[in-house]
Amino acid sequence: MPDSRSEDRRPWSERSLAQLTLVRFREFIREPEAVFWTFAFPIILALGLGIAFRNKPADVVTIGAIHGTAARDSVVARLQHAHGLRVLSMDDSAAARALRTGEVALVVVASAGGAEYRFDDTRPEGRSARALVDDALQRAAGRKDPMSVSERKVREKGSRYIDFVVPGLLGMNIMGGGIWGLGFAIVEARRRNLLKRLVSTPMPRSHYLASFLFSRFFFLVLEIAVLVGSAALFFDVPVRGSVLQLFVVCLSSALAFGGMGLLIASRARTMEGVSGLMNLTMMPMWVLSGVFFSSSNFPRVAQPVIQALPLTATNNALRATMLQGAGWSAVAPSLAIVGAWLVVSFALALKLFRWR
Amino acid sequence: MANVPALKVEGLRKAYGDVVAVDGLDLTVNAGECFGLLGPNGAGKTTTIEICEGLTDPDAGVVEVLGQRWDHDERALRERLGIQLQETQLAEKLTVDETIRLFRSFYVRGRDVGDVIDVVQLGEKRSSRVGKLSGGQKQRLALACAIVGDPELLFLDEPTTGLDPQSRRQLWDLITELRASGRSIVLTTHYMDEAERLCDRVAIVDHGRIIALGAPRELIASLGAEHVVEFTTPEAPPGALDATRLRAIDGVMAVREHDGRWTLEVANLAQTVPALLAELQRLQLGLGELATHSATLEDVFVSLTGRQLRDA
Ligand SMILES: Nc1ncnc2c1ncn2[C@@H]1O[C@H](COP(=O)(O)OP(=O)(O)O)[C@@H](O)[C@H]1O
Ligand SMILES: [Mg+2]
Numbered sequence: 072m073p074d075s076r077s078e079d080r081r082p083w084s085e086r087s088l089a090q091l092t093l094v095r096f097r098e099f100i101r102e103p104e105a106v107f108w109t110f111a112f113p114i115i116l117a118l119g120l121g122i123a124f125r126n127k128p129a130d131v132v133t134i135g136a137i138h139g140t141a142a143r144d145s146v147v148a149r150l151q152h153a154h155g156l157r158v159l160s161m162d163d164s165a166a167a168r169a170l171r172t173g174e175v176a177l178v179v180v181a182s183a184g185g186a187e188y189r190f191d192d193t194r195p196e197g198r199s200a201r202a203l204v205d206d207a208l209q210r211a212a213g214r215k216d217p218m219s220v221s222e223r224k225v226r227e228k229g230s231r232y233i234d235f236v237v238p239g240l241l242g243m244n245i246m247g248g249g250i251w252g253l254g255f256a257i258v259e260a261r262r263r264n265l266l267k268r269l270v271s272t273p274m275p276r277s278h279y280l281a282s283f284l285f286s287r288f289f290f291l292v293l294e295i296a297v298l299v300g301s302a303a304l305f306f307d308v309p310v311r312g313s314v315l316q317l318f319v320v321c322l323s324s325a326l327a328f329g330g331m332g333l334l335i336a337s338r339a340r341t342m343e344g345v346s347g348l349m350n351l352t353m354m355p356m357w358v359l360s361g362v363f364f365s366s367s368n369f370p371r372v373a374q375p376v377i378q379a380l381p382l383t384a385t386n387n388a389l390r391a392t393m394l395q396g397a398g399w400s401a402v403a404p405s406l407a408i409v410g411a412w413l414v415v416s417f418a419l420a421l422k423l424f425r426w427r
Numbered sequence: 002m003a004n005v006p007a008l009k010v011e012g013l014r015k016a017y018g019d020v021v022a023v024d025g026l027d028l029t030v031n032a033g034e035c036f037g038l039l040g041p042n043g044a045g046k047t048t049t050i051e052i053c054e055g056l057t058d059p060d061a062g063v064v065e066v067l068g069q070r071w072d073h074d075e076r077a078l079r080e081r082l083g084i085q086l087q088e089t090q091l092a093e094k095l096t097v098d099e100t101i102r103l104f105r106s107f108y109v110r111g112r113d114v115g116d117v118i119d120v121v122q123l124g125e126k127r128s129s130r131v132g133k134l135s136g137g138q139k140q141r142l143a144l145a146c147a148i149v150g151d152p153e154l155l156f157l158d159e160p161t162t163g164l165d166p167q168s169r170r171q172l173w174d175l176i177t178e179l180r181a182s183g184r185s186i187v188l189t190t191h192y193m194d195e196a197e198r199l200c201d202r203v204a205i206v207d208h209g210r211i212i213a214l215g216a217p218r219e220l221i222a223s224l225g226a227e228h229v230v231e232f233t234t235p236e237a238p239p240g241a242l243d244a245t246r247l248r249a250i251d252g253v254m255a256v257r258e259h260d261g262r263w264t265l266e267v268a269n270l271a272q273t274v275p276a277l278l279a280e281l282q283r284l285q286l287g288l289g290e291l292a293t294h295s296a297t298l299e300d301v302f303v304s305l306t307g308r309q310l311r312d313a
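Residue numbers (my numbering), protein chains in the order written: chain P, 72 to 427; chain B, 2 to 313.
Derived from the structure by calculation, the hints contain no laboratory data.
Treat the hints loosely; a few may be bogus.
[Said to hold, decoys possible] Per the computed footprint, the stretches of chain B lying under chain P, defined by three or more beta-carbons under 8 Å from a beta-carbon of chain P, are: (1) 95 to 102; (2) 106 to 114.
[Said to hold, decoys possible] Computed spacing ranges between beta-carbons, pair by pair: (3) Val414(P) to Glu125(B): 48 to 54 Å; (4) Phe107(P) to Ala216(B): 58 to 64 Å; (5) Val414(P) to Glu11(B): 43 to 49 Å; (6) Val414(P) to Pro166(B): 54 to 60 Å; (7) Pro375(P) to Glu88(B): 46 to 52 Å; (8) Gln374(P) to Asn42(B): 55 to 61 Å; (9) Asp165(B) to Phe107(P): 36 to 42 Å; (10) Gln90(B) to Ala411(P): 35 to 41 Å; (11) Lys133(B) to Lys422(P): 36 to 42 Å; (12) Gln90(B) to Asp307(P): 46 to 52 Å; (13) Thr172(P) to Lys133(B): 55 to 61 Å.
Built from N, CA and C at the ideal position, the CB exists for glycine as well.
Chain P extracted, bound-state conformation:
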C-alpha cells in the first residue's frame, strides 16, 4: 500500500495542527473570564498598585502641641510656620489619644526654656517628625547652620514600586497562563472523554500538545504587549534592555510553565484534583518568588530554594532586562534555571501522560 501521508494534498490550514491550534484560540476567546484574567486583570492590578504605592511628594507630617501656658502657646505659634509640618494644638489627654491612634506622629510639650518630644521612635514618621520639629524650634531659638548646603531633587524612574511590580506581574501572568491554560483544558478534555476520542482517530498526539504551545506563543506576545505597553503608557515603566531579550525570557518561561501545566495535568481526572495541584504549585511562588515584594526579604537559608524556583528566575531575568537594561550574560543563569524546569517537566509529563 502506498504511504497515504505522502499523498496528502490538503492545504496546511485544513490539517490537524492548524485546526487544533484554531480550536485553542476559539475556546480561549469564547471564554470571557479567561480573557479577563489574562489581559484585564494584570492591568487593573498594576493600576491599583501603582496608585496605592505612588511616590508622593514629601508628605506633610501632622504633630500635636499641648497648649495652656504662655511658653506652650508660643511654641505652637512658632511651629505654625515651619515647613512640612501641620500642628494641632490640643490638651494633654487629647494629645495622648492622638499619638496612640497615629493621628499625630509626635507631641511637643514645651516648658520654659525647653521642650519634650513624645513619639514612637520605631515609626519612620515619628523619627522624621522629630527631626523637622527640632530643626524648626532650634532655628527659631537662634541656631545658625555652620555649613551651607544646596538641594537637587532626583526622582528616577525605574526605582519606583510600580517599576518593581510590573515585571513581577508579567512573570505571574506567564506562570498562570501556562499552568492554568494547559492544566484546565487538558483535564477537562480527559474528563469529557474527548482525549480518548481524539486518540481514536489518526491524529498525531504531538499535534495536540503542540497546539497548546502554539496558542500560548500567540497569546504570550499579546500579554507582553498589553502589560508592558500599558505600564509604559500609564506609569512610564521602562524597558531598558532589548525587546528581543525580553521576549526570549518570556518565551522560555512560558514553555517551562507550559511543561509544568502538562505535568500537573498528565494524570488528573477531575477538575478539583487538578485545581488543587495547580494551587499547590503556584501558591508558594506567588509568595516567595518576588512578585509583589523582593524575595530577598526571606531568610538566607531559604534563598537557594527560592532562587531555584522558576518564577523567581523569571522575575529576576525580567527585572534585569526591563529595569537594569542588563544583557544576555546577566540573564543567562536565570535562563538556565528556567531551561532546566522546561526540560525536566516536559520529559516527565510526556512519560506520565494518560491519553485514555
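Using the hints provided, position chain B with the ligands relative to the given structure of chain P.
Chain B with the ligands only, in chain P's frame:
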C-alpha cells in the same frame, strides 16, 4: 480483500481487579455486515468494543481489524476506522461546523464537511455551538465525526441510548443508510428493538460472554415459539397455579413467572390461548391482564438468562 473479515476476535479476556468484564469472547464480523453486541448494562460491551478499537489493552486474546493488528501500523488502521465512544462530550464552545472540520483534519482522505453535515441533517445547526444542541443532535454530531474520515468500518457504542423515540428513529435511518453504502458496522446496544431493526447478526452478551449468536430472526426462531403470552391472576392464592400445569397445555414451549406475572412462549396463539382460558376456568382462577406479542430478542435473552434485558 473481499474475504478479509471486518473484525475478528479470539479468546478475548479483560478483568478490572476482581471484575471480569470480558470473559473469553470470540466473534467474526463479515465485511459489509452490520453486527450488534446486545446485552444489559455491565455485560462488557463497551470493554469489548474499546479493545477492538485499540483503546484498551486486553489481558488475553487476539484482535484483527480489517485484517490488521493494533501492534503495528496503528495510524494507517485508524485512517480506515470511524469510532463513536459511548460517552464523549465534544467541546461545547465550538460550532457544529468547526467540530466536524476538526475531525476531518485528522484524516488524509475523507468526506466533504458540508456533505457530512447534510447527511446527519444538521444543516440548520451548522453554526450553533455544540453546547446548545439537543441530545439527539449531539448524537448525530458524534456520528458525523465518526464518518467524516470515510471509514470502511464503523464502531458505534450505544448510539441511541438516552434519546427520545423520534431521535432514535432518525439515527436508525442514518445507520441503515451507512450500512447500505457498503460500510461494515459494529454497534452495541441494550435495546432489543434496535438490534432487531439494524443488525444483520447479533451477539447476545452477558457477563462478558456471548450466549447466543445469529441473525435476529434465527435467534427468535430458535425459541421454537413465535409468540409470547403474558397474564396475571390477581386473586389466585399462592400455589394455585404452577408451571407444570401450564406447560401441559397444548402448544406451550416454556413457562416463567416473575412477580406474579406469568409468561408463556407459545407456537400458535389460536390454539393455546383458548386452552389457557379453559384451564384457568377449570381451576376457578380469575384472569387479570392478558397480553400477547410476537417473540423478540428480549424474549430470547429472558429465555437464556431468566432476566429482563432492561433490569438485568
Ligand atoms: N475502567 C474500569 N475500571 C473498573 N471496572 C470497569 C472499567 N470499565 C468497565 N468496568 C466494569 O466492567 C464491567 C463491564 O463494563 P462495560 O464494558 O462498560 O459494560 P457495558 O458497556 O456492557 O455496559 C462492568 O462491571 C464495569 O463496572
Ligand atoms: Mg457500555
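Outcome of the hint check:
1. 95 to 102: holds (count 3)
2. 106 to 114: Answer holds; 5 residues pass the 8 Å Cβ test.
3. Val414(P) to Glu125(B): 48 to 54 Å: holds (50 Å)
4. Phe107(P) to Ala216(B): 58 to 64 Å: Distance hint for Phe107(P), Ala216(B) holds at roughly 60 Å.
5. Val414(P) to Glu11(B): 43 to 49 Å: With Cβ atoms ~45 Å apart, the hint holds.
6. Val414(P) to Pro166(B): 54 to 60 Å: Check passed, 57 Å falls within 54 to 60 Å.
7. Pro375(P) to Glu88(B): 46 to 52 Å: holds (48 Å)
8. Gln374(P) to Asn42(B): 55 to 61 Å: holds (59 Å)
9. Asp165(B) to Phe107(P): 36 to 42 Å: For Asp165(B) and Phe107(P) the Cβ distance comes to about 39 Å; the hint holds.
10. Gln90(B) to Ala411(P): 35 to 41 Å: holds (38 Å)
11. Lys133(B) to Lys422(P): 36 to 42 Å: holds (39 Å)
12. Gln90(B) to Asp307(P): 46 to 52 Å: Check passed, 49 Å falls within 46 to 52 Å.
13. Thr172(P) to Lys133(B): 55 to 61 Å: holds (59 Å)
The structure agrees with every numbered hint stated previously.
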